Amino acid sequence: MNVFTLTVSTPDGDAFSGEAYALNVRGTEGDLAVMAGHVPFATGVKAGSCRIDLPDGTSLDGSVSEGILTVSKEGVTLLTGTAQWEK
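Mapped onto our numbering, the consecutive letters of the sequence shown carry residue numbers 11 to 97.
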């Protein structure tokens with residue numbers, strides 16, 4: 011299972027920083043999933059649900075506000091106003 015480095019960053023600091031297997035969010039053009047090796051791109055993100063699948067088989071579910079998602083060879087960064095995770 012390939013993983014990638016993911017950072018979910020808010021004005022208050024990083025809400026998540028680590029390795030992930032997949033990221034699912036709602037982009038401006040619809041729902042999208044990012045996995046290791048994804049082609050580089052940048053897009054806007056709409057407020058809504060966010061799911062991070064972790065390498066250990068668990069997931070982190072929550073919600074994010076509007077933001078910007080960038081995918082590069084170095085990793086994936088989601089810049090958002092807020093990120094809240096379910097417990």
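To be clear, the hints were calculated from the coordinates, so they are not data collected in a lab.
Just so you know, these numbers come straight off a predicted model, no measurement behind them.
Hints may be right or wrong, so weigh each one.
Listed next, the in silico EDC-like pairs over lysine to aspartate or glutamate satisfying Cα-Cα at most 16 Å (straight line) [to be verified]:
1) Lys56 with Asp66
2) Lys56 with Glu39
3) Lys97 with Asp63
Against the structure, the hints come out as follows:
1. Only pairs whose Cα atoms come within 16 Å are accepted, and Lys56 paired with Asp66 is rejected, the gap being roughly 28 Å.
2. A threshold of 16 Å between alpha carbons decides the hint, and for Lys56 with Glu39 the separation of about 9 Å falls inside it, so the pair holds.
3. Distance check on the hinted pair: Lys97 and Asp63 sit about 15 Å apart at the alpha-carbon level, within 16 Å; holds.
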